[in-house]
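Novice: These protein sequence lines map, in sequence, to chains A and B.
By the count of this note's numbering, the first sequence reaches residue 402 at its end, each step adding exactly one.
By the count of this note's numbering, the second sequence reaches residue 402 at its end, each step adding exactly one.
I should point out that these hints are in silico values taken from the structure, not numbers from a laboratory.
It cannot be assumed that every hint is accurate.
To be verified - Mimicking DSS-like on lysine-lysine, the simulated pairs with C-alpha atoms at most 27 Å apart in a straight line are: (1) B/Lys131 to A/Lys259; (2) B/Lys363 to A/Lys51; (3) A/Lys363 to A/Lys351; (4) A/Lys351 to B/Lys259; (5) A/Lys330 to A/Lys319; (6) B/Lys82 to B/Lys51; (7) B/Lys51 to A/Lys363; (8) A/Lys319 to A/Lys349; (9) B/Lys363 to B/Lys185; (10) A/Lys316 to A/Lys330; (11) B/Lys131 to A/Lys131; (12) A/Lys316 to A/Lys327; (13) B/Lys327 to A/Lys259; (14) B/Lys330 to B/Lys349; (15) B/Lys319 to B/Lys330; (16) A/Lys363 to A/Lys330; (17) B/Lys185 to B/Lys82; (18) A/Lys131 to B/Lys51; (19) B/Lys363 to B/Lys327; (20) A/Lys82 to A/Lys51; (21) A/Lys327 to A/Lys363; (22) A/Lys330 to A/Lys349; (23) B/Lys51 to A/Lys51; (24) B/Lys351 to B/Lys327.
Claimed, not checked - Computed Cβ-Cβ distance ranges for the label pairs, DEER-style: (25) A/Ala61 to B/Gln269: 26 to 34 Å; (26) B/Glu265 to A/Thr303: 40 to 48 Å; (27) A/Ser306 to B/Asp212: 35 to 43 Å; (28) A/Gly110 to B/Gln132: 17 to 25 Å; (29) A/Thr358 to B/Gln262: 39 to 47 Å; (30) A/Asp195 to B/Asp215: 47 to 55 Å; (31) B/Thr268 to A/Pro338: 26 to 34 Å; (32) B/Gly326 to A/Val67: 52 to 60 Å; (33) A/Pro21 to B/Lys131: 45 to 53 Å; (34) B/Asn365 to A/Val67: 16 to 24 Å.
For every residue, glycine included, the Cβ atom is placed at its ideal position computed from N, Cα and C.
Listed below are the residues making up each chain.
2 protein chains.
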Amino acid sequence: MELKTQTIDLASHRAQFPALADRYYFNYGGQGPLANSTLNKISENFGKIESLGVFSRAANAWDVAESNLTRATIADQLKAQASNITLTESTTAGCNIALWSVDWQPGDHLLISDCEHPGIIGIADQLKQRFGIEVSFFSLQAYLDQGTDAILATIEQNLRSHTRMIAISHICWNTGHVMPLKQISQLCHAHDVLVMVDAAQSVGVLPLDLPDCEADFYAFTGHKWWCGPLGVGGLYVRDQAFDQALPTYIGWRGIKDCQLPEPGTQPEITWQQDGQKFEIASTSYPLYGALREAIAYANTWGSQAQRYDRICKLSKWLWQELGKLPKINLVRQTPPDSGLIAFTIKEKIPSQLMTELEEKENILLRSLNNPDCLRVSIHYLTTQSELEQLLAICSELAS
Amino acid sequence: MELKTQTIDLASHRAQFPALADRYYFNYGGQGPLANSTLNKISENFGKIESLGVFSRAANAWDVAESNLTRATIADQLKAQASNITLTESTTAGCNIALWSVDWQPGDHLLISDCEHPGIIGIADQLKQRFGIEVSFFSLQAYLDQGTDAILATIEQNLRSHTRMIAISHICWNTGHVMPLKQISQLCHAHDVLVMVDAAQSVGVLPLDLPDCEADFYAFTGHKWWCGPLGVGGLYVRDQAFDQALPTYIGWRGIKDCQLPEPGTQPEITWQQDGQKFEIASTSYPLYGALREAIAYANTWGSQAQRYDRICKLSKWLWQELGKLPKINLVRQTPPDSGLIAFTIKEKIPSQLMTELEEKENILLRSLNNPDCLRVSIHYLTTQSELEQLLAICSELAS
């Protein structure tokens, strides 16, 4: 009876997402759909600024209030303080803030796992060129199925005496493994190494307590698992890392006070002493409330722990069933602890399969390059019948 | 009869901006109001992504097409090529890209005018700290009324042998003077100095031919004089400056190809060979079309040259009339060549006046700190009767 009630609730809850009405959607890790209330909030808020006078004291106060409310709402979801939150445009924007925030010196070392997104690799390339640092990539993917001890061991083996930062994901975007973040942070901190986390795939999935994770920088977006609008993300900066973290892209939002210089003198700048320090300038304030609306709407369907539990149950079911098909290779050999499942079908090219599935079957998933595979994203909004349809098609393809 | 027709056209044209209906609006230099068609396009485009499947091949192709169309539309307005345009979040974001793009070496010099926005000063502070460069501020404000020769002379006097870049505005945000950009560029290029232009107040005001201006970087926003949505701006990078310009905040949009590294090897990255090189990652693609709509709507009311002509005529009228009032000090002593007019009223504190005018008179303008003054923004949407109302109130205050 409990299950039945929950099923009915989910159906009506899901019905508020127009994009989910007529397709099998498995791309939450790329972008989440918007609920009607989120879509409505976008229009409402753009109109609100016009009604408040555009660039008026009232409208500018509204922009500030929206920013504050949004940092507070995000912080609440992460068990952090609003002062730890920087509003950004995307996960990648937050990763940039973190990676460029170090006062890099020639010979410093940046350690990156071999599971990171190309954006991280691009940033590292420039840090090397600009500051003469060393960058190395360590083998993580090979150890993912072996568990925490093996993961910690490969990290420790690859730390150097001058390592200043490690870049790692909380949930690997390609394989879906959840990293033991607290243990990684403690290991790295014991070596005076800052921990920079790409959290694109974990925020909106895991029940999070960021202070307990002890990571220094945690970069995420609202438009994937949180089903918020494109263009709003955030960065959590741990208190202990804040003072040393330098701002890079700079604008009036990060500046508390700037004594304008007379010619011949140097200006005196005071930075904001909270997450605003890393914010830049004007942005789409109307979207902030839409992200809050998306978060609030998700919270009408259980707690994050309950939603995560549902994600894991659905994922495990699909992983087990796919594993029974002879021509399917699952990328991970251990049961999934997130909503991402990566696999290949023998003799099929993943990128071609992705196109065929979308065009012929109305099934939306994505292909990856490393490893070369298909990736399915399972959300709490995903239904058992969606999984069954996916499994049926995979079964045909793998026969 | 011509004038009458134009007046009628403007009234119906203006009527499409809901924010202009019930206030005297003089803050275009802060933020422009949105036309109904622009507001509608925002909602339409957010809905469009949902109908295309959110993270589907169709939706992703739409994102790319929107980005391409928007670079092309912006380029067309600036007489540039689409390949010269980077889409950004704001003017300040573009200034950051430009100022951080130099392969700064210790001892290099960055020259900044004393009329620049605090954001520029903040960036310079960090460039000094990170790369050990010299930053100096030269006296421009004192020479603005003296014209081109005096402006060029103060720049030339302040260039050093190791100056690599100058940061200057096309239209000074505080005084409204239009800088002789082509001559400045030619002077600076003769000294191997890159020219970085803050164009927050010029795009949407001046008829522009950026290749003819010869500036290397030209950073602007859509949400001020173009009356586009908050959160979309752009950066023009001159062909001759492109190859040397390094990307700083980096993401998948700027990376053409990234060979993922095996542990122990280094990745090979190929950057995009157009303005995308400096773009980062996911953003609010739905807003791009809204900016194009705003630009298209403005273009239904004359050409940019005609709109600029109207701005100058209105500005000159107000400047002349304010100049007749005994207690008013105009910041500039020469007739305005832009829509910005700065002034003070004797014995009145500008920031207090701003509040009073908004609260009591429904007149929206802003106060500045340097110089300490009020600033009025006059747009082609501004009406003669708005100016008369402003003048009447100023006349009372100055009596």
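Novice: So if I understand the rule, the pair passes when the alpha-carbon distance is 27 Å or less; does B/Lys51 with A/Lys363 pass?
Specialist: Roughly 21 Å between the alpha carbons, so the hint for B/Lys51 and A/Lys363 holds.
Novice: State, for the Cβ atoms of A/Ser306 and B/Asp212, whether the hinted interval 35 to 43 Å holds or is violated.
Specialist: Once the Cβ atoms are compared, 58 Å apart, the range 35 to 43 Å for B/Asp212 and A/Ser306 is violated.
Novice: Need the status of pair A/Lys316, A/Lys327: alpha-carbon distance at most 27 Å?
Specialist: holds (17 Å)
Novice: Tell me if the straight-line CA distance from A/Lys351 to B/Lys259 falls inside 27 Å.
Specialist: holds (26 Å)
Novice: Keeping to a limit of 27 Å between CA atoms, is the pair of A/Lys330 and A/Lys349 held or broken?
Specialist: Roughly 5 Å between the alpha carbons, so the hint for A/Lys330 and A/Lys349 holds.
Novice: Check the hint pairing B/Lys82 with B/Lys51 against an upper bound of 27 Å on the C-alpha distance.
Specialist: Violated. B/Lys82 to B/Lys51 sits at ~30 Å, over the 27 Å cutoff.
Novice: With respect to the beta-carbon atoms only, verify the hint that B/Asn365 and A/Val67 lie 16 to 24 Å apart.
Specialist: holds (22 Å)
Novice: Taking the beta carbons of A/Asp195 and B/Asp215, is their distance inside 47 to 55 Å?
Specialist: Given a distance of about 54 Å, which is inside 47 to 55 Å, the answer is holds.
Novice: Is it true that the CA of A/Lys319 sits at most 27 Å from the CA of A/Lys349?
Specialist: holds (21 Å)
Novice: For the pair we were handed, A/Lys82 and A/Lys51, check the Cα-Cα distance against 27 Å.
Specialist: Violated: A/Lys82 and A/Lys51 sit about 30 Å apart, past 27 Å.
Novice: Please verify whether A/Lys131 and B/Lys51 have alpha carbons no more than 27 Å apart.
Specialist: violated (41 Å)
Novice: Compare the distance between the alpha carbons of A/Lys316 and A/Lys330 with 27 Å, and conclude whether the hinted pair is satisfied.
Specialist: Measuring from Cα to Cα gives roughly 23 Å; hence the hint holds.
Of the numbered hints listed earlier, those contradicted by the structure are 6, 9, 13, 18, 20, 25, 27, 29, 32.
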